[in-house]
Structure formats: structure tokens, C-alpha cells
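Whenever a hint applies, use it, and build me the whole structure from the sequences.
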Amino acid sequence: MNRAPLIFLGIFFALAFSWTGIVLTNQISYGSLKPVYDETEGKSYPLQTPGLAARGKQVYEDLGCIYCHSQQIRRPGYGDDIERGWGDRQSVAHDYIRENRVLLGTMRTGPDLRNIGARQTDRTWHYQHLYDPQITSPGSNMPPFAFLFETHKIVGQPSPKAIQSKLPAKYQPPAGYEIVPTERGETLVDYLLSLKDTYAYPETKNVYVEPTPEAGKEEKK
Amino acid sequence: MSEDPIKPNAQAEQAGASDESIQKVHSILLREKPEPKEGYTPMPLFILGFITVMIFVCTLYFVHYRGGFSPMVYDERYDPSTASASAQVTKVDPVAQGKRLFQTCAACHQATGMGVPGVYPALVGSPWVMESDKQVISILLHGLSGHMMVEDKPFNGNMPAFGPGGGYNWSDEKISYVLTYIRQEWGNKGAAITPEQVKAVRDEMAGHSKPWSAEELKGMK
Amino acid sequence: MASAPSLAASLNPATTSDDVQRAELSEIDASTKWPALFLLASAVGWLLIGTVFALISSVKMHSPDFLGNYEWLTFGRTRTAHLNAVVYGWSVNASFAVAFWLMARLSRSVLRHAGLLIVAAVFWNIGVTVGIAGILIGDSTSIEWLEMPAYATPLLFLAYALVGAWAVITFRFGKSKHIYVSQWYILAALFWFPWLYSIAEIMLIFAPARGTVQALVNWWFAHNVLGLWFTPIGLAAIYYFLPKVLGKPIHSYYLSVLGFWSLAIFYNWAGVHHLIGGPVPVWVQSAGIAASFMMVIPVIVTAINHHLTMVGSFNALKYSPTLRFIVFGAVSYTVTSLFGSAMAIRSVAEITHFTHFVVGHAHEGMYSFFTMVMFGSIYYIMPRILLKEWPSAKLISLHFWTTAIGSTLYVFDLKIGGFIQGLLLNTPVLAHKFGLQPGTDPVPFIDTVKVTIPYLQWRTYSGILMTVGHIAFAINFAWIIVRSAQATKTQPTLFRTPPEMEVTAQ
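Line by line, the protein sequences give chains A, B and C.
Under the working numbering, the letters of the first sequence match residues 1 to 221, in that order.
Under the working numbering, the letters of the second sequence match residues 222 to 442, in that order.
Under the working numbering, the letters of the third sequence match residues 443 to 948, in that order.
Among the hints, a few may not be true.
Result set (BS3-like, lysine-lysine): computed pairs, CA atoms no more than 25 Å apart in a straight line [stated by the list, open to error]:
1. K254(B) with K892(C)
2. K170(A) with K690(C)
3. K258(B) with K760(C)
4. K439(B) with K43(A)
5. K431(B) with K420(B)
6. K875(C) with K892(C)
7. K258(B) with K619(C)
8. K254(B) with K475(C)
9. K258(B) with K320(B)
10. K617(C) with K254(B)
11. K431(B) with K205(A)
12. K690(C) with K617(C)
13. K420(B) with K196(A)
14. K760(C) with K254(B)
15. K431(B) with K161(A)
16. K431(B) with K196(A)
17. K320(B) with K619(C)
Residues on chain B that point at chain C, a partial pick, calculated with CB under 8 Å [said to hold, decoys possible]:
18. L266
19. S291
20. P385
Which stretches of chain A does chain B cover? Using the computed rule of at least three CB atoms under 8 Å from a CB of chain B, they are [stated by the list, open to error]:
21. 19–30
22. 83–93
No wet-lab data here; the hints were simulated from the structure.
Since we're looking at a predicted model, the values are computed, not measured.
Beta carbons are placed, not taken as given, at the ideal position from N, Cα and C, and that holds for glycine.
Next up, the structure:
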């Protein structure tokens, strides 16, 4: 039993090693990144997520969207993220500093959504896609989210937010009824539309440049 | 360190209460092998050699891909100590960039540039694309809405604005790249468009924010 | 060894020290009976619940309309409920039971005040139930491996504190002077887990870190639940049951030491490999990759140790259920870890990251390794705490073959499908070279989905096979508890009768 204290010390330092290296060091070195103020545009980046979009982010979280969709763009030439038009540049830490919960994701059963707000700005498309993904993307294995919409009797004026006119025939409600996104559905789309990382932070220039032929070296990576 | 014999385990005493249960205890335990022990065969030496090689290889790997230990480096090939201080000017191929950007346009105009008959006009051989620089730049900047004729075919739709202030908020460079691309693809043979040209049109139209109509565009020189 | 008259000596003055050891073991086993039984029964219950959620989620992935109208059963919630049920429900309950049963036996220490451990087990299970219910109603934190809402965590914490303290007390008051390798692993796991869990809860939920530091904390935590809790518990069980069933010593103490310390040092850095290419500093990614690769050392060392212990006794696999499950688990541990080291290499990660390949790998570790080792452990422990034999060897056999074949099919299927998906998704030039696509431009995203559908269907079929095994196991488990002890049956329940009945043990 006299070895027990030694074993304990070893066990302690083993985890202390990675806790210090992975967690503590990074918390110290970049855990206090501040937004960058851009003189030309007069704004601080990353922009604050608008209130409705923040509500929508909660919906994104509680429905578990992260388990099929990632939100991170890898560098050009590694994976195909930029070549697929999912973003202009690699995602950097600055992009995420305003997020209370960072949702990088680890699966791409569905496409990356980091810049979906720059790629698909049509609100109607999003409503169609959420109501039943087969409408916009036949063959998709994304589940339907019709419960983010409400079918109710038209009272007085039809709602300007009604979407049944944009849905194919088989989804039409009975006459006199309309399909309207619930608050959860609407704010979720607000959130998706807010997702775009367009600002070029200084560190986005920290990218490897292949040496030009004049330099005499051809280093293919 | 001895177990206090006066206070034996209560459950074991229970077991001692009946012959049958002692019999059972003994039968299961009697057939068990003794508790495990460790043998003391010396470690094969090749393992030490193996470990040395692994440590060497992994350390080299780590040092090579350390990105200067900077928290702002996300490209593993980048080394801040050897990169030039001035901003790197990377040669951009406008057609390749334009092709990538065109994936957004392909949602309506299709990857073939042929559009959808009656819904989205074709870009292949379209006079709206090929003839006037100012017209096509304006369409991209502010969008287009309403009735128009494209080579004797009528269309009546909406094209969103891609310029600053809109949902897409594309830079002059981006607009110039995608226009350059469509002007040389699918058999189109037209002149490239430069970012300066886009800026010039944008400045001229400063203050204009609504989508153009076909008549307004035709009126441009 | 006996200083004062023990129970056995008082019954029969002619007992040998071997008999004393066995009588001691009988006392120890008896003292662990109720907490172990409660924990194992809870574990089996959660296994069934987790399996139901698994099947639902698996079907949804290739038939997305399945149960598609119910918000509480949307894929993002059933998949999460599955993970939490099988990790915190099945795996942790089984870990607790196996950990302190082994600790009591190896420390030669009777478990005192076992009632408090039952309280801990109850708290743990209430916590997990509340947590999973919370996930289904929409309170998931959306942090992988930490999805149970904050209101479930105090109960979990309290339960863990009790279990941890009890294991340490049992160890401290034990009579054994030598600390056997399984004890190192269990003590280490018990110490590491609360550190990991507390930091994760604090820096992700209660006082969230800024930006992608969260991702680093998340994957330091989540991967270490695998590497610093489940792997040590699994290895502790293999290190006990393998030599115990065979009646041979572990091949080399020195390999055990090397395996333990190299695991301790390298495994906890490996978690960053979940973030390769991501918005975290490259140096920490490279550190995670280097550590993941260094993991080859403890894995090979442990594999050699186990293999050389086993050599010459492979025919025991014909008879012993415990041994079969344990050995299957041990081999799977080696295979899955080597794959893991390979997947950490940047050029491999480029293909496999974000694909179903990762899911296959995860199940190879948590199921083919850990769960199978737990099955083997349970088959050994139950007769000793209940003093009854397993009622049906046929059910054990069914359990083994369905889960062994099912899990192997599952892993092969998702790895192949995931690799194809990865080539099409991430490396079009390579995909073209392998003839998967006509050109070298990226294929439309929907094509990467369509190509996986048949593999996802086969995953459901393999899951059904595994479910049959779980049901067989649960039936046998319930049966051994409710059946009356038959005084005449003293032979272990084996797959077949070995020639030398007395010598070959369960």
C-alpha cells in the first residue's frame, strides 16, 4: 500500500498535464479575444446576433441540429469546404467569440451551415425545407419539422406569413385553413439567415502561400 | 492489519446459518481459480526501441506543425516566423473564383446556364449579359424585377440584389469575378469585367436601392 | 496469512490458506451483493431503453419520416437520448458495479455500509432519468456528451461522490498489500472523472468560456470520458477476468506498468483530434494528433500482455462465456485504438472527419470493446453474488453470437459507407481515382447523402441483431434473479461441457 501515494501523484500529474496544456493555456492565450472594430465600416466584428436570431439559436440547440450539421469551414485544400462554396475563408476563433454556446458540430450528414445566411437568403426556401426537406431536396435524409408550423383556420385576413401557397399540392390544408410558422419556426429561420462570416480578421491572412516558381522552390503540400 | 475477528461480516454469518448455503458458497468459490497475479517476464527490448522511434517521430511532427505556437494560426502549414511581414498578395484567378461563386446563381440559372424556361432566363448567349457592361453590373448590384424579354422569350420574376447593403453583400471583386466567369463560359465570348468597373457603376448609382426594371436598364448607355 | 480464526477456520479447523482466501471472497462477495445487483439491474434496464432509442434513431436516418410528426422524438433528441442512456445509464452503472466489485475483491476488503452505495445508485439513476427526460422535452444543452440539462447534474455529482468515496475507502481498508494492475486503473478512473466532469460543467455551462475554447474543453472532456473512464474500467476488468478464468498469471508486470503510465500520459491529450482543421490553434491540434499516435504504445503493449497471457489456452474460449466476451472486447480494444491512431493523421482525418466512419469507430470502442467486456464481467459476477447459476446457456450463446456478429457488421458497414461518403464529400480527386465519381469537381452534396443510405439501412439490420442479443441477455438476467436457488446445481453454466469439469471454471 506504500505505493499508493506515488500512484496518486502520477495519476494527478497525468491529467494536470493535459488540463494545463489544452484547457488552461488556451483559455489564457485566446480566451479573452475582443471584437475587432473596423474603421471603414464603423462596426465591430463579429456582429451581435439579433434578438430573434438568438431565440432561434435556442431552437437549433434543443432540436439537436448540431448532430447532422457542422458550423466550421476548413482551410482551402483541406477537405472541400471552400471549394463547395460553403465559405470564403477558413473559420477563425474570432468568428465565435460572441456565442454563448459554440456549435462547431462533428457530423456532416447535412451541409455545413456556418455561412448558410450568405448562401441561401430566401426565407421561403428555408420554410419549405423545414416543413418537409423532400420539397427542396429530394432524397435528403433530414427529418421533417412540420411541428415548427401551425395549421389553423383563417380568421379575418389571411396571415402575410402563411406559406401554404409555397407548398406542393399534397401538403395543402383544407380550404379556409392556412399554414403559418410558429414563433420557433420563424426565429429558427432568423437564426439561419444570420449565419454568415464575411469579415476578414487580421489573422485570416495567416495562411500558407505556395512559393511562386520564381523562388525556385516548388513545395506542394 | 487484521480483520477484527469479533465482528465478522453479518452476511457471512447468515451464510453460516444453514448447511445448504455454505455448500453453495463453497461450490462456486471452490471451483474458482485463485485471484489473479502478475508474472514477472522481463519486457522485450524491441518495445523500448519502438517507443524511442515513436517519440522521435511524433515530436518531429508536432514541432513541424506547431504554427509558431500562436493562438491565431489555424493553417498547419503556416509558420509565422518565415512568412513575410507585408500582406501576402495571392494571385487570384477570376474565372475560377467566379465559377465557385456561380454555385449560388446556379440555384436559379442552373449549372448549365440555361435557366428554367419561363421562370429563369438563360445566360448562354444572352444579350443582357454580353452587350452592355453597365447593364449587367447594375443587375448584379441592385437586382431586377418585373417583366422582361430575353431573346423573344418573356420572363416575369425577381432577381435579388447582390451588391452592398443587400442580403448577399458581395464585394466589387466578387461581382466582377462572377460576371467574368459567365461571360466566358458555355460558349459565351465576352470581355472580362474588372472590380474597378463595378465600383464605377456603384458610385454612379449611389442612392439607388430598388431592383431595376427592364425599361430602366434599356435606358442605360 | 490468517492471523485470527476466520469463519472458515471456525467451521473446519483443517482448512488451508487457499480455503481461507475463498471464504474471505465469499464474505466480500456477499457484502457487495445488494449494491452490485441494484446497479447491474439498472444498467440492464438502461441498456434496453438505450437500444430502443438507438433503433428509432437508426431508422430515422434512412427513413426520415419515421415518427416524424413528434417533436419530442425528432432525430436530434432521440439520438441524444440514446447516447446518454447507453453512456450514463448502461455503461456507467455497469462501471460502478464492476469497479467496486473488483476493488472489494482485489483489496480483500469487505464493503461496509453498502446501503449508502444503494442510495448513491438511486441518486445516479434518478439523475439520468431526469436528464434524459429533459433532453426529450427540449432542454438539451447541445454539448456533445454533456447534453443532460444543468438541473440533473447535482444528483449525478452527489451520487458519484458517494461511489468514489466508497471505492477509495474499500481500497484503504483492504488487507491486500500488493496493488494489482486493475486497482491502478480503477483508482485512476475514479479520480479522473470528477475532474473532467466539473471542468466541463463549469467552463461550458455555468461560466461558459469564450469562443472555441469551449470546443477544446468539450472534446478534452468527451474524449477523456472514453479514454480515462471507460477504457481504464474495461482494461481493469480484462486484467482481472482473463487471468482469473484461465488460472494463469498476467504475462508481465512490467508491460502492465508501461501500459498504464503511457495510457495515462498520452490518452488525455488525444481528444483534440475531434477538432482537426477547426478554428482552434494548430499547435494544440498537432499535439492532439501526436498524442493520438503515441497511443499505439500502450495499446500494443497491453495487447502483447493479454495475448501472451492467453497463449496456449485459446480452447477455453469454447467453454467460458465470460472469457469469450472478455477476449472479444480485448481484441476490439486493440483494433479500435489502432484505427483511432490512424484516423488522427491529418490526411486520413481529411477523409473521415464529419462522416459515418467516426460513428462506426465510436461504436467499436463503446460497444465492441467496453460493452462486451461488461457483458463478460456480468456473466462472472452474478453467480457469485446471487449464489445461483445462469439458467440458460442457450440464451448466453444467442446473446454472444448476435452481439458479436451484429457489432462487427455494424462497424464494418459504417466504416465502409463512411469512407466512401468521406471521399465524395472531402477529397474529390481521390474519389475520382477510386472510380467513385466521373470528374474531379466536388459532387453535389445530396449525392454524398444518397450514397450512404444503403449503409444506414444495413446499420439498422445489424442493430436489430444486437437488440435480439440484448433481449436474450435481459431475459437471462431477470431469470437468474427470480429463479430459486437449486442446491443440487453446482456446475457453472458454460457453452458446452469441458472434458475436465472440475478444473475448468466459469
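- Message: For a C-alpha distance cap of 25 Å, please report whether K439(B) and K43(A) respect it.
- Response: Cα-Cα ~37 Å, so violated.
- Query: Does the structure keep K170(A) and K690(C) at a Cα separation of 25 Å or less?
  - Reply: Cα-Cα ~69 Å, so violated.
- Item | Restraint check for K258(B) with K619(C), where alpha carbons must lie at most 25 Å apart | 13 Å, holds
- Cβ contact check, 8 Å cutoff: the region 83–93 of chain A against chain B, three residues minimum: holds (count 7)
- Query: Is the straight-line distance between the alpha-carbon of K431(B) and that of K196(A) 25 Å or less?
  - Reply: 23 Å, holds
- Apply the coverage criterion to the region 19–30 of chain A and chain B: a residue qualifies when its Cβ sits closer than 8 Å to a Cβ of the chain, and three qualifying residues are needed. Three-residue rule met by the region 19–30 of chain A, so holds; n is 3.
- Task: Answer holds if the nearest beta-carbon of chain C is closer than 8 Å to that of S291(B); otherwise answer violated.
- Result: It holds, given that the least Cβ distance between S291(B) and chain C is near 7 Å, below 8 Å.
- Message: Check the hint pairing K617(C) with K254(B) against an upper bound of 25 Å on the C-alpha distance.
- Response: Holds, at roughly 20 Å.
- Message: What's the verdict on K690(C) and K617(C), does the C-alpha distance respect the 25 Å limit or exceed it?
- Response: Given that 25 Å is the threshold and the Cα spacing comes to 23 Å, the pair holds.
- K431(B) and K205(A): Cα distance at most 25 Å? Outside the cut-off at roughly 35 Å; violated.
- Sort out whether K475(C) lies within 25 Å of K254(B), counting only the CA atoms. Holds, at roughly 21 Å.
- Query: Holds or violated: K258(B) with K760(C), Cα cutoff 25 Å?
  - Reply: 24 Å, holds
The structure fails to meet hints 1, 2, 4, 9, 11, 17, 18 and 20 from the earlier list, while all remaining hints are met.
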